[in-house]
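**Q** Those protein sequence lines, which keep their order, are chains A and B.
So the first sequence is numbered by the working numbering: it starts at 1 and just counts up by one.
So the second sequence is numbered by the working numbering: it starts at 1 and just counts up by one.
Everything labelled a hint here was simulated from the structure, so no lab data went into it.
Take the hints with a grain of salt, since some may be wrong.
[To be verified] Some chain A residues judged to face chain B by a derived CB distance under 7 Å, without partners named:
1. Glu42
2. Gly43
3. Leu44
4. Leu46
5. Phe62
6. Tyr98
7. Lys99
8. Gly103
9. Thr104
[Said to hold, decoys possible] The list that follows gives simulated cross-link-like pairs (lysine-lysine, BS3-like), each with its CA atoms no further than 27 Å apart:
10. Lys109(A) <-> Lys41(B)
11. Lys77(A) <-> Lys41(B)
12. Lys49(A) <-> Lys15(B)
13. Lys77(A) <-> Lys52(A)
Cβ atoms here follow ideal geometry from the backbone N, Cα and C, with glycine treated the same way.
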Amino acid sequence: GDSVTQMEGPVTLSEEAFLTINCTYTATGYPSLFWYVQYPGEGLQLLLKATKADDKGSNKGFEATYRKETTSFHLEKGSVQVSDSAVYFCALMWGGTYKYIFGTGTRLKVLA
Amino acid sequence: EAGVTQFPSHSVIEKGQTVTLRCDPISGHDNLYWYRRVMGKEIKFLLHFVKESKQDESGMPNNRFLAERTGGTYSTLKVQPAELEDSGVYFCASSQVRYEQYFGPGTRLTVT
Numbered sequence: 001g002d003s004v005t006q007m008e009g010p011v012t013l014s015e016e017a018f019l020t021i022n023c024t025y026t027a028t029g030y031p032s033l034f035w036y037v038q039y040p041g042e043g044l045q046l047l048l049k050a051t052k053a054d055d056k057g058s059n060k061g062f063e064a065t066y067r068k069e070t071t072s073f074h075l076e077k078g079s080v081q082v083s084d085s086a087v088y089f090c091a092l093m094w095g096g097t098y099k100y101i102f103g104t105g106t107r108l109k110v111l112a
Numbered sequence: 001e002a003g004v005t006q007f008p009s010h011s012v013i014e015k016g017q018t019v020t021l022r023c024d025p026i027s028g029h030d031n032l033y034w035y036r037r038v039m040g041k042e043i044k045f046l047l048h049f050v051k052e053s054k055q056d057e058s059g060m061p062n063n064r065f066l067a068e069r070t071g072g073t074y075s076t077l078k079v080q081p082a083e084l085e086d087s088g089v090y091f092c093a094s095s096q097v098r099y100e101q102y103f104g105p106g107t108r109l110t111v112t
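Looking at chain A on its own, in the form it has when it is part of the complex:
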């Protein structure tokens, strides 16, 4: 069945470091891809999305590009801040459906 695989955490970085969180998916076809973020004590929030191959989603300095050749949607940020500390979830959704298929989440800790 369809699945999403994320790198295991926690990922610990110093402030202003470059961030990459890897995400790959297994699916027959081209679903839409998403990154959600969960800050401590809060619900998940949509961070960015890409609905077709080669699209780049971006928000709050984060970016991810839909790569169909490598079935990947890696999350990047050039300079992380302490406030970016959270759990990041990669997910896919098929057209015509309303349900996400999530990865296991990657916890990011940014140290001052």
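Keeping the supplied structure of chain A fixed, place chain B upon it in accordance with the hints.
**A** Same frame as chain A, now just chain B:
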């Protein structure tokens, strides 16, 4: 604007007991979803309401789980009788459109 709220935030019950989780979606959101995250694994879809109707309940694990949405407003998820493997975090989400689902902070259920 109030976000998605869930009650209780944490519930500890014994195996065989009954628990009811409540979700209040964002006002005006016709779509309401339940998801579950077990033991740090991926977040899994349980079901989807459109107003008061169940649109997709393909993720419900078994008939010990019963979800209702009264008058298309708040929703409850009842687990009866609870088993140890039901422990996890139950998330509720709501949306007006497919892609941007707003998640609540979750209810952590512990079955002992």
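**Q** Under 7 Å, Cβ to Cβ, is where Glu42(A) needs to be relative to chain B, so tell me if that hint holds or is violated.
**A** OK, holds: Glu42(A) within 7 Å of chain B, min 6 Å.
**Q** Can the hint on Gly103(A) be confirmed by a CB-to-CB distance to chain B that is less than 7 Å?
**A** 6 Å, holds
**Q** Go through the hint on Thr104(A) and say holds or violated, using the shortest Cβ distance to chain B against 7 Å.
**A** With a closest approach of 5 Å, the Thr104(A) hint holds.
**Q** So, as I understand it, the hint says Gly43(A) touches chain B; can you test that by seeing if any CB pair is closer than 7 Å?
**A** Gly43(A) check passes; min Cβ-Cβ to chain B is 4 Å, inside 7 Å.
**Q** For the pair supplied as a hint, Lys77(A) and Lys41(B), confirm whether the alpha-carbon distance does not exceed 27 Å.
**A** Within the cut-off at roughly 25 Å; holds.
**Q** So, Leu44(A) near chain B? Judge it on the closest CB pair being under 7 Å.
**A** 4 Å, holds
**Q** Any CB of chain B closer than 7 Å to the CB of Lys99(A)?
**A** 4 Å, holds
**Q** For the pair supplied as a hint, Lys77(A) and Lys52(A), confirm whether the alpha-carbon distance does not exceed 27 Å.
**A** 21 Å, holds
**Q** Have a go at the Phe62(A) hint: is there a Cβ in chain B nearer than 7 Å to its own Cβ?
**A** 16 Å, violated
**Q** Should the hint that Leu46(A) touches chain B count as held when the rule is a Cβ pair under 7 Å?
**A** 5 Å, holds
**Q** With chain B as the partner, please determine if Tyr98(A) meets the hint condition of a C-beta pair closer than 7 Å.
**A** At 5 Å from the nearest chain B Cβ, Tyr98(A) passes the 7 Å test, so the hint holds.
**Q** Can the restraint linking Lys49(A) and Lys15(B) be considered satisfied, given a maximum Cα separation of 27 Å?
**A** Since the Cα atoms of Lys49(A) and Lys15(B) sit roughly 40 Å apart, the hinted pair is violated (cutoff 27 Å).
Hint violations for this structure: numbers 5, 12, all remaining hints satisfied.
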